Amino acid sequence: MILSGFIILPLLYIVVSFFPLGLRARQWGAVAMTVMNLLLAVGLIAHIASTGMVKSEMGSWQAPYGIVMVADRLSALLLLITALLGTALSVYAIQSMDTERQEKGFYQFFAGILMGVNGSFIAGDLFNLYVWFEVMLMSSFILMSHGGGKVQLGGSIKYLILNLISSFFFVAGIGLLYGQTGTLNLAHLSRIIAEAAVLPSSFNAPLVLIAIAFAIKGALFPFFFWLPASYHTPPPAVTALFAGLLTKVGIYSLIRFHTLILRYDDAIWNDVMLWIGGLSMVIGVFTATSQYDFRKILSFHIISQVGYVVLALGFSTRAAMAGAIFFLGHNMIAKTGVFLVAGWVKKRKGTLDLRRLGELFSRNKWWSVMFLIPAFSLAGIPPLSGFVGKYAIIKSGIDAHHTTAALIALFVGVFTLFSMLKIWIEVFWKPMPTAIEPAIKGGEGLMLTGAALLALATIGMGVAGAPILDYCTEAANDLFNPNGYVEFVLGRGGV
Amino acid sequence: MIRTLVYLLPALALLGMLAPPMTRRLGHIYGVILSAIPLLMMVLFLSFNTTLGDTQSVVYATPWQLVPGAPLSFRIDGLSLIFGVMVSGIGFLVLNYAAGYMKGHAHIGRFLMLMTLFMVSMLGLVLSENLITLFFFWELTSVISFLLIGFDNHLEKARKAALQALLITAAGGLSLLFAFLLMGNIAGTYTISELLDKGPLITHHHHYPLIFILLAIAVFTKSAQFPFHFWLPGAMNAPTPVSAYLHSATMVNAGVFLMLRVMPFAGDTMLWKTVFPIVGSVTMFVGAFLSFGERDLKRILAFTTISALGTMVLMAGLGTNAATKATLVFFVVHGLYKGALFMITGIIDKSTGTRDLMQLRQLWKPLRSVSGATFITLFSMAGLPPMLGFIGKELIYGAKLQSGFFPEVMLMLGIGTNALMVAISILIAYRLFWSRKAEVAPPPFKDKYPRLMLLWMGPVVLSAVSLLLGLTPNRIARYLNNAIYHIRAIEYDAHLTLWHGFNAELLLSIATVTLGVVIFIYRETVTRFITRINGVINRYYLPDLFDKLIKGYVKVAARQTNRIQHGYHRYYLMTFFLIATGAMAVVLFPFEFETWMTSASPVKTHIVILLAVMSLGMIYAMVSPSRLSAILALGIVGYGIGLLYLFFGAVDLAITQFLVETLIMVLFILVIDYLPAFASLSVRRSRRRDAIIATVVGVFVTIVVLEARFVNVVPPISQFFIDHSLLKAFGHNIVNVILVDFRAMDTLGEITVLALAASGVVALVNVGQKCQSGQSPMRIPPADTQSLRTLIIAGVVTWIRRVLIVVAVWLLLRGHNAPGGGFIGGIIAASGYVFYAIIFGSEPTRKKLRIPPFIIIGIGLGLSMLAGVLPMFMGEAMLTAQWLHLTLPMAGELHLGTPLLFDTGVMLVVFGMINAIVLTIMNVLKWN
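In order, the protein sequence lines correspond to chains H and D.
Just so you know, we're using full-length UniProt numbering here: the first sequence kicks off at 1 and counts up by one.
Just so you know, we're using full-length UniProt numbering here: the second sequence kicks off at 1 and counts up by one.
I should point out that these hints are in silico values taken from the structure, not numbers from a laboratory.
Treat each hint with caution, since some may be false.
[Stated by the list, open to error] Derived lysine-lysine pairs resembling DSSO-like cross-links, with alpha carbons at most 27 Å apart:
1) D:Lys926 with D:Lys848
2) H:Lys104 with D:Lys926
3) H:Lys430 with D:Lys298
[Claimed, not checked] Some chain D residues well away from chain H (every beta-carbon gap over 12 Å; in silico):
4) Thr4
5) Ser435
6) Tyr485
7) Leu610
8) Met614
9) Val924
Please read these numbers as outputs of a predicted model, since none were measured by experiment.
No residue lacks a Cβ here, since even glycine has one placed at the ideal position from N, Cα and C.
My request is simple: use the sequences and hints to build the entire structure.
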């Protein structure tokens, strides 16, 4: 019952916003929707922390015949963080987005993203997951190209086409899998694969296709091109939304797919994850260093940070999985937080070119703090969330005897720190090279509120690192026991 | 009592963070108020001296865990006491000094806040009982020192120095973390008390060399050992109170502290006893040597700190009892004199406006009480009796004499270093107090600073302590005993006296002082010599080198980034497809061609013909010279797919395919004139390449499909749909039942996509229209359309529109049992309006619609959602069908249910979407 709410709330907003409404109603309606979504997520995680899993069979058609929505600890955590980001962004956008875009449906597509992301996190069915990907893709493409000039359109075309290829691979993989197994339900697929004595080699082709589709969505090496090509073009609030959610859904799907299905071919896939994750991690920070655009630096770092998560998947221990989950959650919050500061800088100074910015520290101490907290968190400084995540992943790497990989992961942190310090020094400390007029006038209080919400969250996630990591460990235990998931969804016997 | 100490830390941090608002009200006095807490802490530390005895230690773990298994826990033993007393004691003096020094500064509040936080993190570091706790505070000192060094952020060199300092110390910090994680992995604990007897486990592990290297990097970076020392002279860009604190008791000393802390379980190995002494002695000598070539008082002091740190690392590296004792005593000695000297430098700087030694002279009287303090302090730095410095130096000589590690070399380096120290001390005293000539006369002396108690208190107290401890050194013996017990696991009696009698150490001391005096006398020659060497070294000036390294790296990164993220869309696509194909080829190898051949079933002739036609259409679309023909050719492919559906019995799909295909063609033709002129932009060679890639991808997809065809692991779930469609979902048409009932959630998602697409197209087109308003060519002039609007045509079109609506509703209603349904109905109804719009333009169509398309979409989506939500009010899962069973006299049994409501919503969404898009595009085309 509670799971349907995550779909219905944003859908209701989408429905309502087809009717003529004033700007205020659209804005505060969106805030109300996201706050309710947040309350729902808090309720769900409180429930799940004690019960472990929740499912809801759509149309009361029993799984695997109907579509089932499932939430385990991983889903609940990501739903909560998504809801938090949604709340912060809906508040932030009121003062960040120009009124024209706000009137022309920004919040509607925002709700579309939220609906797609929520749906993806609770989809228990492969095709249903694909549908949520489509909802996300459509909304994100519109948001990305909405009201933009040539640069923005160029970025969105690359975004759209490369993501459509992901959709193509995904749906082709689903078709092939369905052809061979006759089912779309993830738990059912997992059971079939687990019970099959010998898997025909033809099974691997759809798995490869689907994994590549997720890798494209997650912006992993060597499929990340769409991300740096497009993320710096739309309005900052949109980039913040994308940075926090879109790639993470790809990674979430990869985790789900890996633990339920790919794991039966463990040896190969673990090595693949290790290499893809490691290379993404290194290439992400490497490419980021040469950038001089606030958002481009951050965009390239996204690649590096999803690489961390996938690397941890490759370690393939419970502790590593717990670290990966924690890191994923941390990154969603901290990354969005930094992007929100970028949005403020853009609004203030009209540019995000580091060479043309400066001196924001002297008169904007709160915004400086809002930058430093998530930035240091991304660089892995204790006691912020990034430290706990990095600690957990690196420790698990050492414990799993992947010392070299862990060492590389550690020193990638130095380069992340370098990028964050570069932004800090250039944007906040350095004297202003030229006087630039503010681009948009207007208040900043709500923007600051949104950024502060995320900064507090990243502190909270760091300070309460131990209990949250414990929660993540339980989530990892669930993931490492796919049988539990399968039995929960399908029942003990059945099918 | 340890609890009080521990809880004073957050209290101090909190009060520190209140400094910005509080100083606005109270001014610099808030710094004095703040300093009460470190004073209190120092008293508490001192009181431990009696309770702790020679072998005790106290531990307190807070309930808060930084990471699982690593509570924030603290310990007090001799080592943490010695460091704790120094950090809190000098912290107390420095806070007062800072209050005086920064008085009236615009950002005094921020400064005091950072100083306090720095103090808290250093105190936390020395009190850590847990490696992770230690790392936590270690990183905090790095981060806060970054903010302090860059405090004057308008100065480029301050920013640069801050960046270098943090990059280097943070890299060291990460090494430390990794070393700790490895140790924890081996020993199974991070708690220091538990690690104490795990030494052999760690030092004999095959990862020990790695652990050691990482630890050494951490020590070298933090404690500014050669060649990582260069960040420290840069750090003097921070305001002087920071330097005083950074050099004397905190930050750089953390590396030495770390060595002593981990020595019981990671020391006492060949590596330890070789690497640290070598690096330490090199640093020791280089630091002293370079300091002699400097003129800026602060830089001189910075280099002597490097030298002193080298001494401490050397001593801790030797690791004998005597050497450990010497390390600890020398830490105290150095902290006392270095803190005082930096504060004095700050006073001189404030009073005269310069720190250039060559410009200063005759400061004895103007400096007042500070002069005495300076003199005493320099005595201690030179290692002359009766100062504590003398005892420290004697202990060092003693330890070197006893050690088995090249005592001759080390003694020579030691004597050289100490002689240079003596010479520097004399030189500073001479320049400040006796010298009558100065290169340039300094600006007039500002008398108020030496009179300010907040400023002179620090140096005076520190020099007094130096002297007092020199006269009664045994006061610190008990701390040493306890510390050495916990470092070396040995009960030790560290008896300290000023006078040892005539022994080798004394002889060495005398030699040192003599040599120092000689160097002082020939200082000009020596300085010239050092300056010349400096000239050579400066060519490889490390901060610049580091800068170049970073710049070079950025340049390489930029080049490689352009290679990776090249911006050519076609190569991205190529990468995607080739990797996907390659991966599939790998997993499918070897291909089972024979199976495909033997098990292939015969294909019917009409399907072969259809496929051939589709292929021809595809090929023609690729080579066609115009866009229109390409679109028509693609249409053939689309209709072909529809026919395929039909041949395999999927009537609903076929109808949908035909309708969608038609609609797309209409849309294409509507806009085709507005697209840029058709041109072939690629050269023959790249087209050939693309053709090859496309063929390869196609072949592999074919292979995959062929392979997949012969596997059916379990019976498919579709049988369930066949079995239950009529019985439980009351529909004959399984396709429709799947869409609106079995898998209605997918449909709900998809119609949301459609609705958003409509909304998006309208938003995009409207903005696009704004960009090129006025340029848009009018395709069909009103006069032309006028001629079409004859009564007959108007009538026919209107009738078609009405008929199609009726057909659509009929399709919707029968959809559950026969081909049809909301989606098809929506397209059919909409096509009537599209037809109408083509004839009459968009505005009249809008009027005919009465309700704006957006609202139709909203209602439709709302109805579908309602069908999903209604059952929830009855306590059932979302989208559970609710049925009303009626028995009508004529039609027999009738099942009315929410799936119909859902399907109605689908129809409205599709209908509204098509209208919204077509009408908007026509609007843009001025097809009114």
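Consistency of the hints with the structure:
Between the alpha carbons of D:Lys926 and D:Lys848 the distance comes to roughly 18 Å, so the proposed pair stays at or under 27 Å and holds. Pair hint H:Lys104 plus D:Lys926 holds up; C-alpha atoms about 21 Å apart against a cutoff of 27 Å. Only pairs whose Cα atoms come within 27 Å are accepted, and H:Lys430 paired with D:Lys298 is accepted, the gap being roughly 25 Å. Interface exclusion of D:Thr4 from chain H stands, the closest Cβ pair being 22 Å apart, more than 12 Å.
Even its closest Cβ contact with chain H, about 39 Å, leaves D:Ser435 beyond 12 Å, as expected for a residue assigned away from the interface. Against the 12 Å criterion, D:Tyr485 stays outside the reach of chain H, whose nearest CB is about 31 Å from its own CB. A cut-off of 12 Å between C-beta atoms confirms that D:Leu610 is not in contact with chain H; the least separation is 20 Å. Residue-level check passed: D:Met614 sits 18 Å from the nearest beta carbon of chain H, beyond 12 Å.
For D:Val924, the shortest C-beta to C-beta distance to chain H comes to about 15 Å, beyond the 12 Å cut-off, and the non-interface label holds.
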